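Given chain A, put chains B and C in place with the hints provided.
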Amino acid sequence: MKTLSSRKLVEQFGCLEFGDTKPEIEFLGIGTLEKAELSLLSFLANPKYLKSALVSKAGAIVCSAAAAEELSASFAGRVFTAKDPYAVFARISQYFFEPKIGFSGHSPQAYVDGSAQVHASATVFPFVFVGPGAVIGANTLLYSGAFVGAGSTIGADCVLYPNSVVREGCHLGDRCILNPGAVIGGDGFGFAPSGHENIKIPQVGGVRLASDVEVGSNSSVDRGAMDDTTVGEYTKIDSIVQVGHNVSIGNSCFLCGLVGVAGSATLGNRVTLAGQVGVAGHLSIADNTMIMAQSGVSSSMEKSGIYSGSPVMPHKDWLKLQALFRRILKGGNPS
Amino acid sequence: MKTLSSRKLVEQFGCLEFGDTKPEIEFLGIGTLEKAELSLLSFLANPKYLKSALVSKAGAIVCSAAAAEELSASFAGRVFTAKDPYAVFARISQYFFEPKIGFSGHSPQAYVDGSAQVHASATVFPFVFVGPGAVIGANTLLYSGAFVGAGSTIGADCVLYPNSVVREGCHLGDRCILNPGAVIGGDGFGFAPSGHENIKIPQVGGVRLASDVEVGSNSSVDRGAMDDTTVGEYTKIDSIVQVGHNVSIGNSCFLCGLVGVAGSATLGNRVTLAGQVGVAGHLSIADNTMIMAQSGVSSSMEKSGIYSGSPVMPHKDWLKLQALFRRILKGGNPS
Amino acid sequence: MKTLSSRKLVEQFGCLEFGDTKPEIEFLGIGTLEKAELSLLSFLANPKYLKSALVSKAGAIVCSAAAAEELSASFAGRVFTAKDPYAVFARISQYFFEPKIGFSGHSPQAYVDGSAQVHASATVFPFVFVGPGAVIGANTLLYSGAFVGAGSTIGADCVLYPNSVVREGCHLGDRCILNPGAVIGGDGFGFAPSGHENIKIPQVGGVRLASDVEVGSNSSVDRGAMDDTTVGEYTKIDSIVQVGHNVSIGNSCFLCGLVGVAGSATLGNRVTLAGQVGVAGHLSIADNTMIMAQSGVSSSMEKSGIYSGSPVMPHKDWLKLQALFRRILKGGNPS
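Order-wise, the sequence lines are chains A, B and C.
With the first letter of the first sequence counted as 1, position 295 gets the number 297 in the numbering used here; the numbers rise by one all the way through.
With the first letter of the second sequence counted as 1, position 129 gets the number 131 in the numbering used here; the numbers rise by one all the way through.
With the first letter of the third sequence counted as 1, position 327 gets the number 329 in the numbering used here; the numbers rise by one all the way through.
Hints listed in this document are in silico derivations from the structure and should not be mistaken for laboratory results.
Computed from a prediction, not measured in an experiment: that's the story for all the values here.
Zero decoy hints are in this set.
Chain copies aren't distinguished; within one or between two, either way the pair holds.
Simulated crosslink set (EDC-like; lysine to aspartate or glutamate; CA at most 16 Å straight-line):
1) LYS10 with GLU26
2) LYS332 with ASP319
3) LYS53 with GLU72
4) LYS85 with GLU19
5) LYS102 with ASP115
6) LYS85 with GLU13
7) LYS37 with ASP229
Extracted from the complex, chain A is given alone in its bound form:
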């Protein structure tokens, strides 16, 4: 079983012991403030949980420098500080995490085309399909039912969960995760409406996911019509999200559940689309923009900020409007 020494906590994870340095100890894992025992490490990332931290039975707590004084006054265990305790929590969670994969090696019940290159260290479950010319990187996991189409490339350390699909001509960087049922490279929605026939425009572009992109279960990133649909590094896409054809998404964005981004829209870096947001096609959203849940973006957002409503407006205007509606409901008709 993996353990984590107090020394590693300092040297590898950048924490500092608050107060005097004490003898080295080994943590056996992590736990919530409420449930952690003496052998476990816990985290105070949000000041509003200070009360729980004060009475926690954890062996040690990692918190911000600002919280350390107050915490150490009554908390019985050891206190470590970190610039970003939540980030340290994430990294130590990763350190202790032991995925239960349930299969190893290359299954003879899979189908791998003779011209595909699958790294020897990759895991290939039964019922995986790897098409001609496809490339699968080192340590990548292809779960049962995963499909990698002709000429598609998957980087190293990726995980393609069960029944995820990467159609032909799509490219994933390293450490990408496709949750079950995620589809990369389904056809974009392109037709010439002739009043009757709705003539299909073949979608000959692909999809490019940079490294460290995650796509949630049953989400769809559609392939481009001519050029590729692209998603930048560290961008995270939740479950049941549609990214339309020829969309370009920057780095470090969050797209939450049931978001839809229509064709040829461009998102900058660090854009957050909260749940059920819709973005119309052929527009752009500035870096560092936050769109609140259920909002509808129908024109370009050139200034970063927080926006709400359908159609979107600055969040504070939206709050004003809601307050007005509440006043009307209390006081009767404003006219």
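Only chains B and C this time, still in chain A's reference frame:
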């Protein structure tokens, strides 16, 4: 072919013959009021269809006690009453239902880990994956492409339709149904945003579905971050619904199509979320609450009732506001 | 490599050379106005791109008769006119399109029931399941993980992309496309709510897709309760759309991403539902109706037109209301 006698209708399904008891007959099936013939049984569950019932050619109709007098005055067939005719309709539909499964036995083209326990009476289609330590209950159907991860347990009489996924460490009670493409236990959407990297927090919790839960096609119930995501008995989830990590859903709820419930929200019992409703994270909704379509719940709903709008308000306030808007549009600007 | 002669452009695709007829040439493909080279054909379908067309390096451009004069004045290449340049673009894209399928023949790693009829010209990837009595038409492609249930029929020239599902008793016409993860015939959402048990009503209807229907990735067309759910010819459904049980959709409709249509709704012909639109159950929408993004249709739309809002109103009323809100935000409280 299955038949249903008038006697069984009384003894097994709790109906009462209206008027004199007549000789026993056998119904060959059920039909709509409009299409049913003499050999079929029909149902009048909603009084607004009385007119169709009066001229129906069905051999018999099951209706409420309140409707029986009027119905029997001109309807030519026999009349049976039930406390809840719609519930009786559902049960008799089940009685006559003969699913077309299309495969039987345990396919040699499936993959079942040596340490998994699959009940002899279960059906295992080709291309099913059952991981180490997984348990599959009696009479459960695993359709083609169904995936059951390491250590997951599926109760008795469940149906996992094609390409449905239960990732590792998830648990289903008895009589659960996963429609095609449903995903149980995809990763929750948990990251520590460092401004650049968006560090992944391993999602080490699972999912627990109680008995008699149904999940619609292409819906996703995400696994918990530390503890489990849970869904109570008799709760029914429609197609393309996202249930976020660590959500707790009570018993006998309905979540309609394209609903999203964000992380750590808590729903009581008998909560109905109509289509495209969004529920924000870390809040709770009281028992017996009805949220109307496309509404957005952004704070806890402590009182049961009917709510509408985004953000939600009592449904009658929402109606008032809509009426006001219509007046404004007719009469001009209220200012 | 396929080429397209200027003569074929005229004779087969109905274009006319603008100005004098010049010697026959062969185009090697098509390209955007910005990127096309001398060997490629390009298209000016939208007058707002005239500027790019004037300086394009394409060998020829197809445009409308109205644009030809102005274009030919400075564009260096040849000019062809067409009544609908966008439709010609679509058809010529199809002409040049060479899909990368990555497999041919009937895989021995597939499962085809002995009583199923699979046309000799169909392609059957590994891990395909075809149930008893199912019929697969000529030239149809069944990608890996595609499932065709008992008694279902798939026409000619269809494509069932990876992990798409057609459950038992469903019928597809010719030239239908199911993108990856699309589900045809999952159970409709039908229950008799008894306050506790929510008794399932078996969904014994099927789904009928007419010819030339496309269904996007991870979309769900649910099976009918008693009768079939139906979709008319040339109707195109985007990714992540739910079509509920017993819905009837006309011909040549567009349903964009994340749309939900609830049970027993009826859509006419040439109806467009933009992204995230919701349609309530048991209502009808007239031919040629356009519903704008995120709108909610809660009563029947008997007059064709453009509608917006939740609940929907005529689009111009919605614009008025939005303008009023903006005035209020600028000028203060209207009361």
